[in-house]
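Engineer: Listed below are the residues making up each chain.
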Amino acid sequence: MKMEDMSLSGLDNTKLEALAHDVYSDLVEDACLGLCFEVHRAVKQGYFFLDETDQESMKDFEIVDQPGVDIFGQVYNQWKNKECVCPNCSRSIAASRFAPHLEKCLGMGRNSSRIANRRIASSNNTSKSESDQEDNDDINDNDWSYGSEKKAKKRKSEKNPNSPRRSKSLKHKNGELSSNVNPDLYKYNYSSGISYETLGPEDLRSILTTQCGVVSEHTKKMCTRSQRCPQHTDEQRRAVRVFLLGPSASMLPDSETMLENDGYDAPDGQLIMSRLQWDGSSDISPSDSASSKASTNNSESKRPKKKKNPSTLTLTTTGGGGERDKGQERERVVGSGSGSSSSQNALGLSSRKKRPKLPVPPGPSIYDDLN
Amino acid sequence: MSFKMQSSENMVYSPCFCGEGKRCAERPATNNSRETNISRESQMRAAINQKLIEMGERERLKELLRAKLIECGWRDQLKALCKEVIKEKGIENVTVEDLVAGVTPKGRALVPDSVKKELLQRIRAFLAQHST
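Residue numbers (the UniProt record's numbering), protein chains in the order written: chain A, 1 to 371; chain B, 1 to 132.
Please keep in mind that the hints were generated in silico from the structure rather than gathered at the bench. Do not take every clue at face value.
Among the chain A residues that face chain B by a calculated CB cut under 10 Å, a handful are [stated by the list, open to error]:
| hint | residue |
| --- | --- |
| 1 | K15 |
| 2 | L19 |
| 3 | V23 |
| 4 | L27 |
| 5 | D30 |
| 6 | L33 |
| 7 | C36 |
| 8 | V39 |
| 9 | V43 |
| 10 | F48 |
| 11 | Y196 |
| 12 | G200 |
Glycine included, every Cβ here is placed at the ideal spot set by N, Cα and C.
Make a model of the complete structure from these sequences and hints.
Structural biologist: Listed below in structure tokens is the structure:
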């Protein structure tokens, strides 16, 4: 029988609806039957009740809701109040503190050696002169002769002045430093610097021979780190010395500079460049600190906290204004007075922000004849 | 398939087979045509079913219904009912007929309305499309 024989007119809406309902009920019944067959098979095969546990086991694993106990019934801070006896010092230690105590008690483990070193270092600082820092960790890393020279660099290792060991051992000395300079010269103190205004020239000189001394723009205090502190350049140090002690007094020792002298832009550029060379350019000739080549390479680079870079930075005190030609020979200039123009930069450049290159002032150049 | 028969009373007043007993537009001319209509209707049903199967629509509808029932949790409800029947009758002795008889009527009732409506809609659409 073809569908064409059955026209829609033969069926009204209700009939159609009934038909649809019939089809629907058929489908639902099919679904029910399918489920029943499945269940029946599962029952007969024995896997219908597999996902259920018997009552006994259910009771065993019931959720526990008592105070002081977790849902499995375990006590979680069982060992908190227990105390153990240390085999080394025979003290009774709390269980959770036992392991760290043992570490320190036996002298093994990372922390204990660190603490011991710190103690040694601090005792060295307080009792001995700087040249006796035999126990310093990085004693072998430097080529410096930490002899008895007054101008010898302070042989503090170039550790982070912000490290906890510093503050921990020397906190109690903070308050004394600002006014009483001399006995505290060898004490590390990063949290309060030295204010140069209150110091006499002798004090200043002694400070400046041992410490970095660069005056921070923010706090107007002198940097108390060593002469090789990575935060400030030799140029800055030189400038500070010039500023504080007069133009002829800037004698920084150990100007081991290997600058490649390609001329320099300005005193500001000098300081920038010398700072930038600290960043790690390895071809710095032992001459004037200015090197425009370095500056062009690194002019916008920031200064990382590199600790030891003996091949870089010049510590000369030379410079004055004036330009240098590129390709100038390497020279080692020691201790001549820097131009007056550099003194004005001493304070300004002690901060570490980036500075654009400034134009060269055509000031009096000592080295005009050298060009 | 159920088939509502007009009562003899209604035959006088509304001789059509719409099943509602009221006067409707369609009136067979004679009593004889009612039987023809009945048979025509049953033929119609058969034809429609056949068409459903042939076009695969029935399978699709079946799958759709199955998916929807699982989604709405109907299947799990019915399984729980089955469990009860089984516990009643005992595992060893339960038969398919027991299960069917115990579960199917409730199963029909438990189908959610949304599922029912959607299915009916699809069936109607199919009928509308293919019944001419």
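Engineer: Give a verdict on every hint.
Structural biologist: Taking the hints in turn, this is what the structure says about them:
Because the closest C-beta pair between K15 (chain A) and chain B is about 7 Å apart, less than 10 Å, the hint holds. The interface hint given for L19 (chain A) holds, since its Cβ lies 6 Å from the closest Cβ of chain B, which is under the 10 Å cut-off. With its C-beta approaching chain B no nearer than about 5 Å, V23 (chain A) sits inside the 10 Å limit, and its interface hint holds. Hint on L27 (chain A) holds. Least Cβ distance to chain B is approximately 5 Å, under the 10 Å limit.
For the restraint placing D30 (chain A) at the interface with chain B, the shortest Cβ-Cβ distance is roughly 6 Å, inside the 10 Å limit, so the hint holds. Against a cut-off of 10 Å between C-beta atoms, the interface hint on L33 (chain A) holds, since the closest Cβ of chain B lies about 6 Å away. The beta carbon of C36 (chain A) comes within 4 Å of a beta carbon in chain B, closer than 10 Å, and the hint placing it at the interface holds. At a threshold of 10 Å, the smallest CB-CB gap from V39 (chain A) to chain B is about 4 Å, leaving the interface hint in force.
For V43 (chain A), the suggested interface contact is upheld, since its CB lies about 6 Å from the closest CB of chain B, less than 10 Å. Contact between F48 (chain A) and chain B, as hinted, is supported at the beta carbon level, the nearest pair being about 7 Å apart and thus within 10 Å. Checking Y196 (chain A) against chain B: minimum C-beta separation of about 81 Å lies over 10 Å; hint violated. For the restraint placing G200 (chain A) at the interface with chain B, the shortest Cβ-Cβ distance is roughly 90 Å, beyond the 10 Å limit, so the hint is violated.
Comparing the model with each earlier hint shows violations of hints 11 and 12; every other hint is respected.
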